[in-house]
Amino acid sequence: RKEVEQDPGPFNVPEGATVAFNCTYSNSASQSFFWYRQDCRKEPKLLMSVYSSGNEDGRFTAQLNRASQYISLLIRDSKLSDSATYLCVVNFGNYGGSQGNLIFGKGTKLSVKP
Amino acid sequence: NAGVMQNPRHLVRRRGQEARLRCSPMKGHSHVYWYRQLPEEGLKFMVYLQKENIIDESGMPKERFSAEFPKEGPSILRIQQVVRGDSAAYFCASSPGSRETQYFGPGTRLLVL
Numbered sequence: 013r014k015e016v017e018q019d020p021g022p023f024n025v026p027e028g029a030t031v032a033f034n035c036t037y038s039n040s041a042s043q044s045f046f047w048y049r050q051d052c053r054k055e056p057k058l059l060m061s062v063y064s065s066g067n068e069d070g071r072f073t074a075q076l077n078r079a080s081q082y083i084s085l086l087i088r089d090s091k092l093s094d095s096a097t098y099l100c101v102v103n104f105g106n107y108g109g110s111q112g113n114l115i116f117g118k119g120t121k122l123s124v125k126p
Numbered sequence: 644n645a646g647v648m649q650n651p652r653h654l655v656r657r658r659g660q661e662a663r664l665r666c667s668p669m670k671g672h673s674h675v676y677w678y679r680q681l682p683e684e685g686l687k688f689m690v691y692l693q694k695e696n697i698i699d700e701s702g703m704p705k706e707r708f709s710a711e712f713p714k715e716g717p718s719i720l721r722i723q724q725v726v727r728g729d730s731a732a733y734f735c736a737s738s739p740g741s742r743e744t745q746y747f748g749p750g751t752r753l754l755v756l
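Protein chains in written order, with our numbering: chain Y, 13 to 126; chain B, 644 to 756.
Hints are computed from structural coordinates only; laboratory data are not their basis. Incorrect hints may appear among the rest.
[Stated by the list, open to error] The list that follows gives simulated cross-link-like pairs (lysine to any residue, SDA-like), each with its CA atoms no further than 25 Å apart:
1) Y/Lys57 - B/Arg665
2) Y/Lys14 - B/Glu683
3) B/Lys670 - Y/Met60
4) Y/Lys118 - Y/Asp94
5) Y/Lys57 - B/Gly702
6) B/Lys687 - Y/Ser40
7) Y/Lys54 - B/His672
8) B/Lys687 - Y/Asp19
9) Y/Lys118 - B/Lys670
10) Y/Lys57 - Y/Asn67
11) B/Lys670 - Y/Ser61
12) Y/Lys54 - Y/Asn77
13) B/Lys670 - B/Asp729
14) Y/Lys14 - B/His672
15) Y/Lys57 - B/Ala732
16) Y/Lys54 - B/Lys714
17) Y/Lys121 - Y/Asp19
18) Y/Lys121 - Y/Asn77
19) Y/Lys125 - B/Glu683
20) Y/Lys121 - Y/Ser95
21) Y/Lys118 - B/Pro682
22) Y/Lys14 - B/Asp729
23) Y/Lys14 - B/Ser730
24) B/Lys687 - Y/Ser44
25) B/Lys687 - Y/Thr36
26) B/Lys694 - B/Pro713
27) Y/Lys57 - B/Lys705
28) Y/Lys14 - Y/Asn34
29) Y/Lys118 - B/Pro704
30) Y/Lys91 - Y/Arg78
31) Y/Lys54 - Y/Phe72
32) Y/Lys54 - B/Ser730
[To be verified] Distance windows between CB atoms, simulated:
33) Y/Lys125 - B/Val655: 33 to 41 Å
34) Y/Ala32 - B/Ser730: 29 to 37 Å
35) Y/Arg53 - B/Lys694: 24 to 32 Å
36) Y/Pro126 - B/Glu715: 28 to 36 Å
37) B/Pro682 - Y/Ser38: 20 to 28 Å
38) B/Glu661 - Y/Gly66: 45 to 53 Å
39) B/Glu743 - Y/Gly70: 20 to 28 Å
40) Y/Ser80 - B/Val655: 43 to 51 Å
Ideal Cβ positions, reconstructed from N, Cα and C, are used throughout, including at glycine.
Start from the sequences, fold in the hints, and give me the full structure.
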C-alpha cells in the first residue's frame with residue numbers, strides 16, 4: 013500500500029464549480045497534514061495545513077478523519093487560476109526514525125475551464 | 644525576506660560527470676531538506692540536514708549521492724558519475740525547526756545526456 017495515495021485525475025471542471033479531492037495515508041501515527049499546490053514545472057507551495065477539527069481558508073476547506081486515515085480538500089467557486097496539481101502531504105513525526113520529512117502523494121491534477 | 648534559493652535552475656551533464664546542486668535556506672532557517680521529483684512522479688524525500696549535521700539520510704541512494712550543509716554557505720547536494728536515471732527536478736526546502744512548515748525553493752532541473 014502506498015504511503016499517501018491520491019486519485020491522479022485529471023479533474024476537468026468549469027469555472028464556478030465545486031470540486032473535492034481525497035487522499036488516504038497508510039501510517040496511523042502520522043502527526044501533521046498539509047495540502048500543497050504545484051504548478052507545472054514549479055515548486056510546491058503550501059496551500060493549507062489540515063487540522064482534526066477541519067479548517068477553512070476562503071474558498072478552500074480541508075478535513076481530516078484520523079480514524080479512516082483520510083484527508084480531503086474542497087474548492088468552492090473554482091477559478092481559472094486554481095488549475096494546478098494538488099499534493100496531499102503527510103508528516104510521519106517520529107515514526108520509524110523519521111525526523112519530520114514530508115511524505116508526498118503523487119498529486120491530483122485540476123483543470124478549470126472557462 | 645528572500646525565499647529559498649537554489650542554483651543552478653537548470654543543469655545539463657553527460658553520463659559520468661558530477662553534478663553539484665546548491666540551496667540557500669530562508670533567512671533564519673537552519674533546517675534543510677532535499678527532495679527529488681522524477682518525471683510524472685511525486686516528490687521523494689532524500690536527506691535532512693542542519694548546520695554541519697546530517698539528521699536523516701534515509702532517502703539517499705547508497706552510492707554516488709552525498710549532501711552537506713556547512714557552517715558557512717549553502718547546502719550542497721552532490722551526485723557523482725551521473726546516469727540518465729538521475730534526470731529529475733531536485734527541490735530544496737527549509738524550515739526554522741524540525742517538523743515546522745517547510746518552504747520550497749524553485750528547484751534544479753538536472754538533465755543527464
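Outcome of the hint check:
Between the alpha carbons of Y/Lys57 and B/Arg665 the distance comes to roughly 20 Å, so the proposed pair stays at or under 25 Å and holds. As the CA atoms of Y/Lys14 and B/Glu683 are separated by approximately 16 Å, the hinted pair is consistent with the 25 Å bound. Using a Cα cut-off of 25 Å, the hinted pair B/Lys670 and Y/Met60 holds, with the two alpha carbons roughly 22 Å apart. A hinted pair counts as satisfied when its Cα atoms are at most 25 Å apart, and Y/Lys118 with Y/Asp94 qualifies at roughly 18 Å.
For the proposed pair Y/Lys57 and B/Gly702, the alpha carbon gap of about 22 Å is at most 25 Å, so the pair holds. Only pairs whose Cα atoms come within 25 Å are accepted, and B/Lys687 paired with Y/Ser40 is accepted, the gap being roughly 20 Å. About 21 Å separates the Cα atoms of Y/Lys54 and B/His672, which keeps this hinted pair within 25 Å; it holds. A hinted pair counts as satisfied when its Cα atoms are at most 25 Å apart, and B/Lys687 with Y/Asp19 qualifies at roughly 18 Å.
This hinted pair does not check out: Y/Lys118 and B/Lys670 have alpha carbons roughly 30 Å apart, beyond 25 Å. At most 25 Å may separate the alpha-carbon atoms for a hinted pair to count; Y/Lys57 and Y/Asn67 meet this at roughly 18 Å. The straight-line distance between the Cα atoms of B/Lys670 and Y/Ser61 is roughly 22 Å, inside the 25 Å bound, and the hint therefore holds. Annotation: proposed proximity of Y/Lys54 to Y/Asn77 is violated, straight-line Cα distance about 30 Å (limit 25 Å).
A threshold of 25 Å between alpha carbons decides the hint, and for B/Lys670 with B/Asp729 the separation of about 30 Å lies outside it, so the pair is violated. A C-alpha spacing of about 31 Å is found between Y/Lys14 and B/His672, which places the hinted pair above 25 Å, so the restraint is violated. Of the pairs offered as hints, the one joining Y/Lys57 and B/Ala732 holds, with about 15 Å between alpha carbons and a cut-off of 25 Å not exceeded. For the proposed pair Y/Lys54 and B/Lys714, the alpha carbon gap of about 29 Å is over 25 Å, so the pair is violated.
Distance hint between Y/Lys121 and Y/Asp19 is fulfilled; the C-alpha atoms sit about 9 Å from each other, no more than 25 Å. The suggested pairing of Y/Lys121 with Y/Asn77 holds, with an alpha-carbon distance near 22 Å, which does not exceed 25 Å. Simply put, Y/Lys125 and B/Glu683 have alpha-carbon atoms about 23 Å apart, close enough for the 25 Å limit, and the pair holds. Our distance criterion of 25 Å between C-alpha atoms is met by Y/Lys121 and Y/Ser95, whose separation comes to about 8 Å.
Of the pairs offered as hints, the one joining Y/Lys118 and B/Pro682 holds, with about 11 Å between alpha carbons and a cut-off of 25 Å not exceeded. For the given pair, Y/Lys14 sits about 22 Å from B/Asp729 by alpha-carbon distance, which is consistent with the 25 Å threshold. This hinted pair checks out: Y/Lys14 and B/Ser730 have alpha carbons roughly 23 Å apart, not beyond 25 Å. A threshold of 25 Å between alpha carbons decides the hint, and for B/Lys687 with Y/Ser44 the separation of about 17 Å falls inside it, so the pair holds.
Pair hint B/Lys687 plus Y/Thr36 holds up; C-alpha atoms about 17 Å apart against a cutoff of 25 Å. Taking the CA atoms of B/Lys694 and B/Pro713, the gap is about 6 Å. The hint holds against a cut of 25 Å. The hinted pair formed by Y/Lys57 and B/Lys705 fails the criterion: a straight-line CA distance of about 29 Å is larger than 25 Å. Using a Cα cut-off of 25 Å, the hinted pair Y/Lys14 and Y/Asn34 holds, with the two alpha carbons roughly 14 Å apart.
Simply put, Y/Lys118 and B/Pro704 have alpha-carbon atoms about 20 Å apart, close enough for the 25 Å limit, and the pair holds. A hinted pair counts as satisfied when its Cα atoms are at most 25 Å apart, and Y/Lys91 with Y/Arg78 does not qualify at roughly 30 Å. With a C-alpha separation of about 21 Å, the suggested pair Y/Lys54 and Y/Phe72 falls inside the 25 Å cut-off, and the hint holds. With a C-alpha separation of about 16 Å, the suggested pairing of Y/Lys54 with B/Ser730 holds against the 25 Å cut-off.
A beta carbon spacing of about 36 Å between Y/Lys125 and B/Val655 agrees with the range 33 to 41 Å that was offered as a hint. Restraint check, Y/Ala32 to B/Ser730: a C-beta distance of roughly 34 Å satisfies the suggested window 29 to 37 Å. Between Y/Arg53 and B/Lys694 the C-beta distance comes to about 31 Å, which sits within the given range of 24 to 32 Å. In this structure, Y/Pro126 and B/Glu715 break the distance hint of 28 to 36 Å, their C-beta atoms being roughly 51 Å apart.
The hinted window of 20 to 28 Å between B/Pro682 and Y/Ser38 holds, with their beta carbons roughly 24 Å apart. Distance hint check for B/Glu661 and Y/Gly66: the Cβ-Cβ separation is about 48 Å, which falls inside the suggested range of 45 to 53 Å. For B/Glu743 paired with Y/Gly70, a C-beta distance near 23 Å keeps the hint of 20 to 28 Å intact. The hinted window of 43 to 51 Å between Y/Ser80 and B/Val655 holds, with their beta carbons roughly 46 Å apart.
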